[in-house]
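**Q** Protein chains in written order, with our numbering: chain A, 1 to 350; chain B, 1 to 283; chain C, 1 to 274.
Source of the hints: derived by calculation from the structure; they are not laboratory data. Please read all numbers here as calculations on a predicted model, not as lab measurements. Idealized CB from N, CA, C, for every residue including glycine. Among the hints, a few may not be true.
[Claimed, not checked] So the derived list for chain A, only partly shown, Cβ under 8 Å to chain C, looks like this:
1) H72
2) L78
3) F80
4) D82
5) G98
6) W238
7) R242
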Amino acid sequence: MTLEVQNLTRRFGRMLALDGASLDAGAGEVVALLGPSGCGKTTTLRIVAGFETADSGSVWLGGRDLSRLPPHGRDIGLVFQDYALFPHMTVADNIAYGLRRRGRDAAARAARVDAMLDLVRLSGLGARRPAQLSGGQQQRVAVARALAIEPQLLLLDEPLSNLDAKLRGALQAELRGILTRIGTTTLIVTHDQEEAMALADRIAIMSQGRVLQLGTAREVYERPACRFVAEFLGSALWLEGRVEPGGFVTARGTALACAPPSRIASRHGLLVRPEALRIGAAPEGWNALSAQVTGARYRGAVTLLDLLVDGAAPASIELERGTSPPPPGATLALAAAPADCILVPEDAGG
Amino acid sequence: MRRIPVALWLAAPGLLLLLALMGGPVVLLVLESLKPFVPGSIRPGEGVTLGNYTELLAPAYLFYFQETFRFGIIVAGLSVLFGAPLAFAAVRSRSALLRKLLLALLVGLLVMSLIARLYAIEMAWGSLGPLAPLGALTGIAPRSPRYAEVQVAIGLLHFTMPVVALMLVGTFRALPPRLEEAAASLGARRSDVVVSVVLPLAAPGLVSAFLVALAMCISNFVVPLILGRGIVTLATSLMYTRFADIGNYPSGAAIGVVMLVLAFAVVYGLSALARRVLPGARL
Amino acid sequence: MIGAALDLAGRVAARVAVLAAVAFLLVPLLVACLMSFDDRSFLGPFPPRDFSLRWYRAFLDNPAYTDGLFVSLQLGVIAAAIATAVGLAAALALADPRLPGREAMEAAFLSPKFIPTVVIGFSLLVFTARLGIYEPMTRLILGHVVITLPFTLRAVAASLIGVKRSQVEAAMSLGASEFRALWDVAVPAARSGIVAGAAMAFVLSFDEVAVSLFLSDAFTQTLPIALVAEMRANLNLTIAAVSTVFLAATVVLLVLLDRTIGIERLAGDVGARG
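Excised from the complex, chain A in its bound form (with noise of 0.2 Å):
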């Protein structure tokens, strides 16, 4: 089933949540809304749900209007942040609750049910009440109750906040393979990129109310659309300047080589990726920047090396295993290739 998220706009008293956001999903697809806190991603998530209404805009889901239809008439299944199971009923009663809703007779809940505890490996646990689980049994049963009413789509809100840092990459890949299995359209909502990235096809990056740039993970990272996504996502060495024919002139005044910029726009800066950087004389043909080197952080399998570059610029790089950093205030020489030179827009275009 394809989702189709069209201009929403919804103000809040004086605060405008969301701002023209759009997005879409096809059949099958797990997209992933990721942005800072109060971008926009829950709200969108609710009014998707049927939770909140949008000041305009519109929702489409495998080509019908959802906009009129209430919460309980959209099919669609959705996992809370704090998993909402109904702490008075078994395991088995939560997820056959929206059977029971759809008038279901008991042998096809009870088939249901267990297909479903089969799905998320929790076989043999349907007589439990949910506080007698642990957090992440927890959040395989929401999932489990969610996929039971075979919904045409998925929300999930931050489904993995709530679990400490060892169970959550577990649980990431175990999500990843119900999704795959089950095919149904999936919208997740998260602030953590890492878990956008393991568990979507594609990213949609909001920003103050709007969506900046919907793509896969390759592209998001490797061709931002704007600053904010270059700069949100990982780590980025962001040197302003201007476009000059066939590079790229930094404030300073050092030249780059890059390639020309993708999309017209009023101003540019150019992004290297600090991964991107190498330390040393630059080859034939890279680009060469220096660096002071501002201090030092070990952190066990690496260390980083913060830097300001071009005089400007703040960037961390990873040093080689087994080198010690220079003192704070040496000068570095460093250099990038021009195919890592990715000139982007200042701000993202209309």
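Knowing the structure of chain A, use the given hints to seat chains B and C on it.
**A** Okay, now just chains B and C, sitting in the frame of chain A:
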């Protein structure tokens, strides 16, 4: 398209009920209080007058209100004074059984018939009762008519104390025990902890318990009716007499309006004042 | 040294205060209880010398009491049922953060608690007379619903605190209408508050004097009205017998409530009334 929220539908029966059974009657009460009284007739006269209110400014009537507040303030004070240790013991006593018994006593009194309790007070503290000698310590002989005042005060105290104590149980439960442990770890003795940590933090709760007790006293009708023996007349009894004994509806209504204003002033006005004096207080 | 002495004095004073308060609250009830078994035919000094059940028989033989008991039971059950249903609905509404004017509504719902019951009784008398409602039972039910509503609302609201909005929304996303979702998710969680509120409403109604005094007539008297009339006329030990029955009923109710809800929780639900 916005649907009417389900919550509004759910609130509607209650709101309609309140509007019909409180809003309407109170408006009628105010209108009634503005009518002139025709002696010897239940039917009020024509026209609008403030006479029923100005009448209440006479010293004889002001005395009733003054008495009402005197009883209220003394009883509310005693209620907090004894209710607070009771509540603290019910929350922080080391014995789980004692905690439970104290809570059971408080909840039990809350649900037990006040009439039965007042009768029991008459039995125990009345001139024939075993506690009469204790009552005599107030300086008023149990056989003198003025002893009714002592009994009314005792009745009001019995009425308010469980409520005050249960409110304070809520207050003390909300105090994080960590703070008391922290104070103790810094070398404070138990009594120091209570004085320097518990009481300041519980102050807003103590104030609101006092105000609720005061409001309960000035609105109470049954205690002076049963224990007052016609000698102690508080504002509520005055209002009832106006209506029942002399059929003066407009004057009764005026007293009712004044009491309404006083009760709300105590509960909302004074607590707003206390909120200003005690910053951070949630009353 | 002085600090330790003060500490000791403080602890002793606190114990004495607790003991005094418990004695103050309990002793009168025990005195009345003992007196109710007094065999003397008149009200004599405490303690009684011989014991009998004569005052309990006297109660049962007095139609004013037995009729009043029947009226009070009927009234209490009907008023408590209405107040609990309306209070439950209102509490569910107030638990929804999107309800417009929520705080004003909450204040309105709790306001009858702060209006002196005499004022409620008097104004309802004037009001029902104006509307032409003279049937005493109807008047009494209306009055008792008004005074008990804040208590049922408060008790239910206290028990709803643990229900998260997301649980209701989860039920809705699974196909339940909002009413159905509240019924399936919030109402089961509110059970303790419903029981506590209904018990509280019944007890309040069963003991109510001021409102009933205005709204009842000579033929429909509640038990409290009959008792108060008797107490003002001549003090006798029949009422001690009634008080003892009330005391016993309270203990039974308390044990039942402790079994179903638990005293600790109950103290929280009914104690949150400030």
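**Q** Kindly indicate which numbered hints from before are broken by the structure, ordering the numbers from low to high.
**A** Hints 6 and 7 contradicted; others consistent.
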